[in-house]
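If you're matching positions, the sequence shown starts at 160 in my numbering and goes up one per residue.
Because the hints were derived from the structure by calculation, they are not lab data.
It cannot be assumed that every hint is accurate.
Cβ pair distances, simulated, as ranges [stated by the list, open to error]: (1) E250 to A192: 18 to 28 Å; (2) E206 to F171: 42 to 52 Å; (3) A267 to V230: 24 to 34 Å; (4) L215 to L269: 47 to 57 Å; (5) A173 to A260: 43 to 53 Å; (6) L269 to A198: 27 to 37 Å; (7) R203 to T275: 24 to 34 Å.
Source: prediction; values computed, not measured.
Glycine included, C-beta positions come from ideal geometry on N, C-alpha and C.
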Amino acid sequence: MSLALADHTFSFRAPAELAERLKAAERTYVELAADARLAVHVSRELEIELQRRLRLTPTRRSSQGGMLRAVIEAFVTATEAASRDETLAEELRAFDADDRAGAAERAALLRGSAATRDV
């Protein structure tokens with residue numbers, strides 16, 4: 160089955176910032192998809208977001224433009240969410256690494272304090 164996309168123009172109304180968000184999402188998706196774990200994450204986010212959009216606005220399913228807008232908005236939102244999740248995960252890993260060093264230092268100080276204490 161082949162679709163002749165050149166034979167039909169799809170159009171829909173969308174906020175002006177969607178074009179920029181779509182360009183950014185395309186770049187981000189390429190980066191995320193390079194990592195298998197992140198590719199799975201963004202795919203799940205996309206599936207969830209698309210189902211949510213089509214369930215909340217069933218009228219979009221009745222027009223090609225509405226369906227196309229839902230898919231594009233879901234792609235943008237899912238990619239942004241997966242990117243945000245990965246940024247948070249990186250920050251948590253960095254915090255955990257810093258905290259391990261701090262925990263080791265605190266433990267050493269407590270051991271040293273206990274060793275020099277007169278009981």
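Going down the list of hints, with the structure as the test:
1. At about 22 Å, the beta-carbon gap between E250 and A192 stays in the expected band of 18 to 28 Å.
2. Between E206 and F171 the C-beta distance comes to about 21 Å, which lies outside the given range of 42 to 52 Å.
3. For A267 paired with V230, a C-beta distance near 56 Å fails the hint of 24 to 34 Å.
4. Between L215 and L269 the CB atoms are about 54 Å apart, so this pair conforms to the stated range of 47 to 57 Å.
5. Separation of A173 from A260 is about 48 Å and conforms to the stated range, judged on CB atoms against 43 to 53 Å.
6. Restraint check, L269 to A198: a C-beta distance of roughly 44 Å breaks the suggested window 27 to 37 Å.
7. For the pair R203 and T275, the supplied restraint of 24 to 34 Å is violated, since their beta-carbon distance comes to about 54 Å.
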